[in-house]
Amino acid sequence: MDNKRPVNLDLTKFSFPLPALTSIVHRVTGFALFVGLVFLMYSLDLSLESEQGFATVKEGLDHPLAKLIIWGVVSALLYHLVAGVKHLVMDMGIGETLEGGRNGALIVIAVSVVLIVLAGVWIW
Amino acid sequence: MVASVTSLGRNGLYDWLIQRVTAVILASYTVFLLGYLVLSPDLTFAQWSGLFGHTAMRIFSLLALLSIGAHAWVGLWTISTDYIKPAGIRVCFQAACGVVMFAYVVWGVEILWGL
Chain X
1 MDNKRPVNLD
11 LTKFSFPLPA
21 LTSIVHRVTG
31 FALFVGLVFL
41 MYSLDLSLES
51 EQGFATVKEG
61 LDHPLAKLII
71 WGVVSALLYH
81 LVAGVKHLVM
91 DMGIGETLEG
101 GRNGALIVIA
111 VSVVLIVLAG
121 VWIW
Chain D
1 MVASVTSLGR
11 NGLYDWLIQR
21 VTAVILASYT
31 VFLLGYLVLS
41 PDLTFAQWSG
51 LFGHTAMRIF
61 SLLALLSIGA
71 HAWVGLWTIS
81 TDYIKPAGIR
91 VCFQAACGVV
101 MFAYVVWGVE
111 ILWGL
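One line per chain: the protein sequences are X and D, in this order. In case it helps, this note's numbering puts the first sequence at residues 1 to 124. In case it helps, this note's numbering puts the second sequence at residues 1 to 115.
No lab work stands behind these hints: they were computed from the structure. Using N, Cα and C, we set each Cβ at its ideal position, and we do this for glycine too. Heads up, a few of these hints could be off.
As the list claims (entries may be wrong) - What follows is a list of derived Cβ distance ranges for each label pair:
(1) I59/D x P6/X: 52 to 58 angstroms
(2) G98/D x R5/X: 33 to 39 angstroms
(3) L66/D x M92/X: 23 to 29 angstroms
(4) S49/D x W71/X: 21 to 27 angstroms
Could you put the whole structure together from the sequences, leaning on the hints where they help?
This is how it looks when you write it as structure tokens:
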């Protein structure tokens, strides 16, 4: 490698194409889910423990902050799921061109926005 | 071919396959559980604990739990090797992720079998 080549890695000056942005969000949501899983596991633990625990989770989910956290985790999950399905579709050889990549990214955004809004309606 | 001792499948092709297989399991589990919750607005404790009392549901849940472990390992390994350049910090991050994942699996088994 020639180390004298100019390097510009100022991320604030980059113009990211849409597929790059959806890919980064896929990574961010993946990490967020790894952290957010603790809330889901805790709720599952409590809800299966006893009748009271189940009631506690149900009441807890009425709290605005709890609704926000669960909506955040569910949104990350839905986005990650949709972007993951796009990967599987591309593995089958569909949408591997530059244009296909852009369209795929647009579809991922459109579908996940709809699902996230629906999830918000469901939670509230 | 690039092989790394810290990757789950020892090389990119196995990691790629592990990521796909676990993704399909996790997608099925997510769609099933979200669908179940959406379709049961007046869920009771008896229904909920009955669902997780089924052996089939416990198998499905344990499968999903183990898939999370492998899927998160491949994903976090990819992220850490891309963004964390100093080897010491990267190994510490990967070790911490490994411990958390192991804890999730053990905790999940406890929840499922009511230990």
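S49/D paired with W71/X, Cβ distance criterion 21 to 27 angstroms: Holds: the Cβ-Cβ distance is about 25 angstroms, inside 21 to 27 angstroms.
Outcome for the supplied range 33 to 39 angstroms, where the beta carbon pair is G98/D and R5/X: Given about 37 angstroms between the Cβ atoms, the range holds.
Outcome for the supplied range 23 to 29 angstroms, where the beta carbon pair is L66/D and M92/X: Holds: the Cβ-Cβ distance is about 26 angstroms, inside 23 to 29 angstroms.
Hint check for P6/X and I59/D - Cβ pair distance inside 52 to 58 angstroms: About 56 angstroms separates the Cβ atoms of I59/D and P6/X, which means 52 to 58 angstroms holds.
Of the numbered hints stated above, none is contradicted by the structure.
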